[in-house]
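2 protein chains.
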Amino acid sequence: MRLSGYRGRLREVLEEIGAEEGDELEVVTPDGQTFVGYLISRPEYADEDVLTIKLRNGYNVGIAFTEGTRVRRVAAGRPPAFTRGEIPPQNPSLPKVALVGTGGTIASRVDYRTGAVRPAMTTEDLISVVREVLEIARIDAEVLLSVYSENMTPKEWELIAERVDRKIREGYEGVVIAHGTDTMHYTAAALSFALQRPPVPVVLVGAQRSSDRPSSDAATNLIGALTVAARAPFAEVCVAMHHWHSDDVIAVHRGTRVVKLHTSSRDAFRSVNAGPIALVREGSVEVLAEGLNPRGSGDYRYESGFDGRAYLLKFWPGMGPSILEHLASEGVRGFVIEGTGLGHVASSWIPVIRRLVGDGVFVGMCSQCRFGRVNMNVYDNGRDLLAAGVTPLDDMLPEVALVKLMWALKRSSDLGEIRRLMLTRIAGEIGDRSEPVRLAP
Amino acid sequence: MRLSGYRGRLREVLEEIGAEEGDELEVVTPDGQTFVGYLISRPEYADEDVLTIKLRNGYNVGIAFTEGTRVRRVAAGRPPAFTRGEIPPQNPSLPKVALVGTGGTIASRVDYRTGAVRPAMTTEDLISVVREVLEIARIDAEVLLSVYSENMTPKEWELIAERVDRKIREGYEGVVIAHGTDTMHYTAAALSFALQRPPVPVVLVGAQRSSDRPSSDAATNLIGALTVAARAPFAEVCVAMHHWHSDDVIAVHRGTRVVKLHTSSRDAFRSVNAGPIALVREGSVEVLAEGLNPRGSGDYRYESGFDGRAYLLKFWPGMGPSILEHLASEGVRGFVIEGTGLGHVASSWIPVIRRLVGDGVFVGMCSQCRFGRVNMNVYDNGRDLLAAGVTPLDDMLPEVALVKLMWALKRSSDLGEIRRLMLTRIAGEIGDRSEPVRLAP
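Which chain is which? The protein sequence lines are D and U, in order. Start counting the first sequence at 187; every next residue gets the next number (our numbering). Start counting the second sequence at 187; every next residue gets the next number (our numbering).
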């Protein structure tokens with residue numbers, strides 16, 4: 187009988203009713219509240235007399251097992267899992283799309299031992315679940331990585347870029363990368379600089395809710411991403427996720443303009459300081475942006491490689507500048523600062539920044555406001571920071587600026603050249619100044 | 187003739203036409219572009235042959251002075267400045283409101299020598315400009331500080347809290363604090379914890395555009411803030427700024443729920459994970475939130491004091507955990523981490539966090555997503571972080587969590603007590619779990 191961690195009176199009761207992990211239970215508390223969910227092993231941090239079940243909506247709940255709490259075993263065994271069907275024959279007349287799995291919720295399933303979501307499912311599982319995709323493309327799926335996206339590093343970006351480059355050279359008509367959502371926008375930026383003007387779309391996709399939850403967005407997001415890979419007239423590194431207006435519309439965001447703007451909602455991904463470049467609706471791709479890199483573009487450049495000696499710091503009131511000196515002494519060669527407002531930090535930072543820039547360290551300024559562009563000419567403090575050698579990074583998102591700096595540091599050790607690269611628009615990461623940057627929406 | 191910094195041929199031309207700083211010039215470039223604006227002194231960072239003028243919209247522009255550039259002096263002297271009128275007699279039947287100036291754009295004017303905006307104007311100047319306010323309240327104005335808000339520190343928060351507390355004890359029916367917008371939300375959070383359940387409204391107000399620009403929001407924001415101070419039925423620490431829907435509506439945000447979400451737009455301030463608590467329209471206050479602290483509330487507590495040994499860090503892919511150890515060795519007693527997604531950092535951080543928490547250092551988790559709440563029970567990594575002793579901070583904004591941690595560290599050196607304080611709702615900084623946190627709007 188699997189009942190890890192349960193002890194004492196609670197364990198006795200569970201044994202009496204013949205419950206084990208994965209069984210569906212109904213728990214009624216003395217004050218009449220009823221919970222139905224799957225029994226999971228007692229988490230380390232939970233008290234001994236707490237019964238932990240995974241509710242049908244996917245969340246875990248701990249219920250104090252006190253005098254008068256009633257527990258009933260509703261159903262045996264595990265909840266219905268995906269059927270690992272064989273992949274049906276593919277249609278040879280459809281565009282050939284590579285699907286590269288890297289982990290995350292979109293390729294994950296719930297572990298009914300611990301109740302946690304684990305990156306365990308293969309991309310083949312996904313295809314077998316979402317059969318509609320077979321009408322969109324001929325799919326070659328493979329699992330490159332299986333990591334939570336918060337564990338991604340520049341090393342994994344390089345692995346993914348290398349694999350996508352290979353798929354492009356092998357003649358795929360589009361590449362889809364299944365990715366955890368936590369840092370998908372950082373990876374999207376990295377691929378935007380590593381795979382410049384690719385000949386086919388490179389589409390990152392994730393899911394905010396795992397595939398076995400009724401509210402999962404895994405299937406619709408994957409269908410949207412494959413549609414872009416197979417049918418879009420443009421060839422951009424982009425992110426395809428639920429659009430906020432409607433559940434049946436997928437928004438396509440430029441890889442250098444997107445962030446995860448909500449912890450849990452399905453429409454968490456939003457373009458910032460720009461609109462989505464396209465929408466996917468009823469199987470077709472509606473292009474919204476102008477000047478996109480066209481499919482079949484002949485000047486593709488593979489420019490991968492990232493130098494991790496860059497650092498992103500968010501400034502706040504009372505934060506001293508000595509952290510910059512410490513990090514530089516540890517080998518950091520460039521900073522992106524999330525300043526306040528139009529791009530400010532406390533005046534006490536100015537001499538430190540001047541010294542660092544004098545030593546060849548890059549210091550770039552973005553804003554922590556999330557929307558808008560820096561403008562360091564308006565206030566004295568901004569002008570003094572410019573004079574000290576800070577590079578204002580316009581409306582580039584701080585996360586994107588960090589990734590770009592890692593990319594630039596790999597390309598040059600000369601401060602002048604790094605500044606030039608940082609201010610050169612490479613993958614749509616700097617906006618058109620003629621358009622005002624509005625707070626979306 | 188004031189022409190600081192100008193040399194060579196450009197200086198000769200300016201002298202020929204009799205131009206000096208502050209004069210209005212018209213410049214026509216060889217390709218026919220025309221610029222009209224006020225001559226300002228050559229900025230240190232500008233090339234010698236660049237003529238710098240301040241356009242009427244407030245922005246500075248540098249124009250290359252090449253062969254064929256024509257310059258004409260349009261008008262002499264400075265642009266019209268505010269008239270320092272005497273303050274008219276006040277109406278003794280109106281509510282008595284204290285107006286405390288601390289600096290920032292709302293109390294600033296342009297220096298036509300450098301073109302920069304300086305915090306120079308007194309609050310009296312402001313009243314003389316915005317005469318409408320005299321119909322709202324009997325105003326006692328004073329300048330407490332004159333600093334750019336990026337230079338604010340916990341020390342200034344304490345000074346402001348002390349002054350507001352004095353005004354409350356002196357019997358004012360409302361207090362308005364004019365503040366720079368860059369860090370106004372941090373100060374609003376600090377005052378929310380320092381002045382708990384005050385008997386009268388405490389309203390912070392700023393301006394995104396300085397008072398001498400046609401698009402300035404200084405007057406309307408100030409009128410809105412004074413209306414709240416004089417007339418609101420609630421007594422909350424709040425921020426009054428332009429509402430995004432309409433220019434003639436002022437939104438009132440709870441001090442612990444507001445951020446500056448855009449670098450430059452007039453509607454930059456937004457409530458996050460909550461709606462505004464009220465709107466001000468045509469002189470009246472429309473209350474939107476329930477359960478607000480009522481005016482005249484009898485259980486006011488002055489609980490000021492902040493310990494600066496707290497640190498806010500934003501996590502990003504590849505960021506190592508050694509920074510935590512370094513900062514702890516320098517005396518930091520608590521961290522707020524802006525993790526990814528539902529509240530994650532790389533697994534490599536877990537042993538370091540476990541050790542720090544074991545040593546009594548507080549480690550709290552917020553999300554860098556901007557909207558939503560952390561939930562560390564969904565994924566393995568989150569659960570491991572909980573087991574390592576991380577305190578999940580629900581839907582508290584990271585900026586607010588930092589300020590609250592500084593406040594909590596002043597109150598206790600016991601980790602258990604600090605955790606208890608951080609998770610206790612003191613000033614609306616933690617949301618009601620029954621309401622879903624939506625991405626606004």
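Hint data in this document are derived by calculation from the structure and do not stem from the laboratory. Watch out, some of these pointers could steer you wrong.
Note that identical chains are pooled: a pair holds if it fits in a single copy or bridges any two copies.
Unchecked claim - 20 Å max Cα-Cα, derived SDA-like pairs, lysine to any residue:
#1 282 with 417
#2 596 with 345
#3 282 with 190
#4 596 with 508
#5 341 with 533
#6 341 with 534
These are the hints, each one checked on the structure:
1. Taking CA atoms no more than 20 Å apart as the test, residue 282 paired with residue 417 passes inside one copy only; the shortest distance there is 11 Å, against 67 Å between copies.
2. Proximity of residue 596 to residue 345 under the C-alpha cut-off of 20 Å is restricted to the intra-copy arrangement: shortest distance 16 Å within a copy versus 47 Å between copies.
3. Taking the closest pair of Cα atoms, residue 282 and residue 190 never come within 20 Å of each other, the shortest separation being 46 Å inside a single copy and 66 Å across copies.
4. Taking the shortest alpha-carbon separations for residue 596 and residue 508, neither the intra-copy value of 26 Å nor the inter-copy value of 23 Å comes in at or below 20 Å.
5. Proximity of residue 341 to residue 533 under the C-alpha cut-off of 20 Å is restricted to the inter-copy arrangement: shortest distance 16 Å between copies versus 36 Å within a copy.
6. In this assembly of identical chains, residue 341 and residue 534 lie within 20 Å of each other by CA distance solely across copies; the values are 15 Å between and 35 Å within a copy.
Checked against the numbered hints listed earlier, the structure breaks hints 3, 4; every other hint is satisfied.
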